[in-house]
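Student: Sequence:
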Amino acid sequence: MNQAAVQIILAVHGNLGQALKESCYYFTGDSEHVKVCSLNEGEEIHEWERKLLSWVDSCPQTLILTDMLKASTTVHASQALRGRPDVELVTGVNLAMMVKAVQMVSVWDVHRLARSIQETGKEDILYLRDKLGDAVEPE
Numbered sequence: 528m529n530q531a532a533v534q535i536i537l538a539v540h541g542n543l544g545q546a547l548k549e550s551c552y553y554f555t556g557d558s559e560h561v562k563v564c565s566l567n568e569g570e571e572i573h574e575w576e577r578k579l580l581s582w583v584d585s586c587p588q589t590l591i592l593t594d595m596l597k598a599s600t601t602v603h604a605s606q607a608l609r610g611r612p613d614v615e616l617v618t619g620v621n622l623a624m625m626v627k628a629v630q631m632v633s634v635w636d637v638h639r640l641a642r643s644i645q646e647t648g649k650e651d652i653l654y655l656r657d658k659l660g661d662a663v664e665p666e
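According to our numbering, the residues represented by the sequence shown are 528 to 666, in order.
Keep in mind that the hints were calculated from the coordinates and are not lab data.
Idealized CB from N, CA, C, for every residue including glycine.
Dumping the calculated DMTMM-like pairs for lysine to aspartate or glutamate here, alpha-carbon to alpha-carbon at most 20 Å:
1) 658 - 646
2) 597 - 571
3) 562 - 584
4) 562 - 574
5) 578 - 613
6) 562 - 594
7) 597 - 570
What follows is a list of derived Cβ distance ranges for each label pair:
8) 532 - 642: 14 to 20 Å
9) 610 - 651: 31 to 37 Å
10) 573 - 639: 28 to 34 Å
11) 554 - 595: 19 to 25 Å
Turn these sequences into a full structure, and let the hints guide you.
Tutor: This is the structure in C-alpha cells:
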C-alpha cells in the first residue's frame, strides 16, 4: 500500500500528454493524479526542466512518463532521479500504461507502479499478423 499518493507527470512533446490524459480519463473516469508537462516548439528546455523539477519536489512519490528514450524530454527529466529515491521514470508511454497507472496509483507505491506499467506497455505492443496469422490475410 502507498503511504502517500503518487503523482504521475507526463513529460512529453507537444499535445501528446494532454491527449493521453484525456483518453485515459475516457477509460478510467479519473485523472486527478496526472499532470502534463509539455515541451512545445520554441520553448526553452531549461525552463521546462525547472517546471518539471518543481512539480517533482511538490510530492513525495512521483512517476514520470516520457514519450521517447533518446528525446530531450527523457534526458532532462532524468535529472529528477538524482537524490530522489521515490521518483521513477518510464519512457515509451502509451495509453495502456496510462490506464494501468491511473487505476493503480492509489494502491501501489511508485516503484511497483513503474515496474508494472513497463510490463503493461510491453504487453500492449504487438505486430498483429504475428498473433493472428492467416486470420488477417486478404481473401
